[in-house]
Amino acid sequence: MNSSRDKILNAVKEAVKIPSRIPEKPEGINAKIAESLKSITPKDYAGLRDQFAKELDIVSGEFVLVKSASELVSHLSGDMKSKNFTSLAVSDEISSKNIASHIKKELPELEFVFPADLAPEQKKNKLAKTSAALVNIDFAVADVASLAVLIDNTKSLFIHYLPDCIYVVVKPEQILANLFELFTKVPKEKAKNMLLITGPSRTADIEKILILGAHGPRRLVVYWLEEK
Amino acid sequence: MKLSPLKTKKYIHNALKDEKLLSAVDKATQTALKKREDKKDQIPYWEELRYKAHHIKKNVIENLDKYLEEFEKNCLKNGIHLHWALDAEEARQIILKLLRDKNAKTVVKSKSLTTEEFHLNDFLTKNGIETLETDLGEYIVQLMDQIPSHLTAPALHLSRKEIGGIFHKKLGIKYTEDPTELMTIARNKLREKFLTADVGISGVNFAIADSGAVCVVENEANARLTVGVPKTHIAVMGIEKLLPGFEELATFLKLLGPSATGQKATVYVNIIGGPLFNKLQEGPEEMHIVLMDNGRSKILADPQLRETLFCIRCGACLNICPIYQQIGGHAYGWVYMGPIGITLIPQYLGDKEGKYSPFVSSLCGACYEICPVRINIPHHLLKLRNRVVDKGYSMKVERFGINAWAFLAKRPLLYRFATWFPGKFQLLLPKGRAFPVPGYTRERALGTFDLKGFRKRFLKLKNSDYQDIKQKK
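Residue numbers (the numbering used here), protein chains in the order written: chain D, 207 to 434; chain L, -18 to 454.
Just chain D, with the same shape it has in the complex (with noise of 0.2 Å):
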């Protein structure tokens, strides 16, 4: 332990002795959060999945709703090919890589990009320059259109953010109404290394003028999945 630890410790326990001159927060907060909360959330699912897709319209993100995975690929291999997309990086799980190979019969010449397959130094590089992502996600939250990573469950953080374009695949088994829902239902544990993605990277920085496609990608394609 270094000395400027135990003066930072010292100095700060000494201070803290000295009661505060802070008013105390008045009674009932939390329950009045609470209600008010209740209040302005839908109450179904049909409820919390339009509120996502309005929400995700205001960031500049785009809702598409397909019934059948054979549905999604049709729309995502349709709009690739719309854009000249050449390459495509694919998350690791199952679901992604039985999407992409349904892709493949759509785009033979399509690149398809596996950051597992690929070594540290290689990786950054490769994705940097793919055109878009196919990608999992953990959560939606509904009231801000916000989609949740936790890094526990996914072999690649660089393909969220490196590509061009994402596309996330979302089941509705995924929604959660606001963050506060979202941080009671992660544990701690896994809540530490977690991703809060809402909308296609963005800044305002010259004259408050909006500019999407800032470090981050340009476009966020979200397929909301209903199959049954």
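Just so you know, these hints were derived from the structure itself, not from any lab.
Glycine residues also receive a C-beta, built at the ideal position from the N, C-alpha and C atoms.
You may find that some hints are simply not true.
As the list claims (entries may be wrong) - Some, not all, of what chain D presents toward chain L, calculated at C-beta under 10 Å:
1) P232
2) N236
3) S352
4) I357
5) H366
6) L388
7) E413
Keeping the supplied structure of chain D fixed, place chain L upon it in accordance with the hints.
Here is chain L on its own, set in the frame of chain D:
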């Protein structure tokens, strides 16, 4: 760009003459306020949330020793190297040593006001390490050799023409003032640096005591690239940034987005609890946190002013402040500006160096009304003003004025003459001209004196008038 709060009067005079600055600041602050209002209105429990955040911070600050020890224990468990820095110099040396140990040539940096406190960029550059700011606004002000003029929008004071000009001059590109083109140029330049930099240095918005994790909030993905790509990540934070756990983090994330940029949620929330290379085969192999005091424990020792440590650097108080709206950020002369800045300047730099700062306020109270953690800034400014006066650092002219008034107030006849005289004297001035007071009336007008004066009016009041006034109240 070296500024000093002791020159704040000069900076203010210059700023008031700068029409371009006024227009840029006005546009930016009004846009931010409008967006904030819109998002806040969608959160009906906003006021309750402010109270809750205030209470969370109060608990943390009053028990900071316990939370610091808990944070340290959990960081070590997560494989994070924790370094305690008593002051700016120690923080600089810790970082330099870490970089030299790694033989680092290039550092990418995401926005960190804490590192601005100790001029880290200049220090590292002087020591032969290329240090690049990566937030677009920060990158621009670094190219301009300036410091940020706003807590969350560093280049708010600059026009696209000025930005285009500096890109052309410093980066050797063809002149353009198109914001998208300018962003693309910066993106391409910095993308290469992200991929090759040896170390990433970030700030910290919140640190989670019960998990040993830090949270970095941003929109551009530059912080994500800074903390996630280079082999070593160094996070620099003040000791006051702690929160007990993730439940409390949710409250602060809800408040921060609308208050800072008028967004319901910022694009990226990076929660980092240790180096991830072993798990992912990518990103940092080592993570270091520099935990800096640099005057914070001294602030903590004041039972009232410790509330200023609650600040989450959202910048909402700057946007609403009628003074900031007129003069922008550089006029304050230090890295922290606006209403919260003028409470922090004398506390960090001392009452002598910060003697003018607490007076750069109209005490209108708008900052208190807007603060997401309910810091009673006007109340603290009064205390800091008292401190400046008690220590004899107030301006000579002020001291003379107050002493003169005290002298006269004890002598009714003289007082009557002294209050009668200016009214008569102003009759000698050309019509419409205000009474000149050297220094004071350079950028503002003094009101005209009432010829009757308060005494005469007061004595004429009848008892019935008092009743009338009472009833109106």
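The hints, checked one at a time:
{"no.": "1", "hint": "P232", "result": "holds (6 Å)"}
{"no.": "2", "hint": "N236", "result": "holds (7 Å)"}
{"no.": "3", "hint": "S352", "result": "holds (5 Å)"}
{"no.": "4", "hint": "I357", "result": "holds (6 Å)"}
{"no.": "5", "hint": "H366", "result": "holds (8 Å)"}
{"no.": "6", "hint": "L388", "result": "holds (7 Å)"}
{"no.": "7", "hint": "E413", "result": "holds (5 Å)"}
When each numbered hint is compared with the structure, no violation occurs for any of them.
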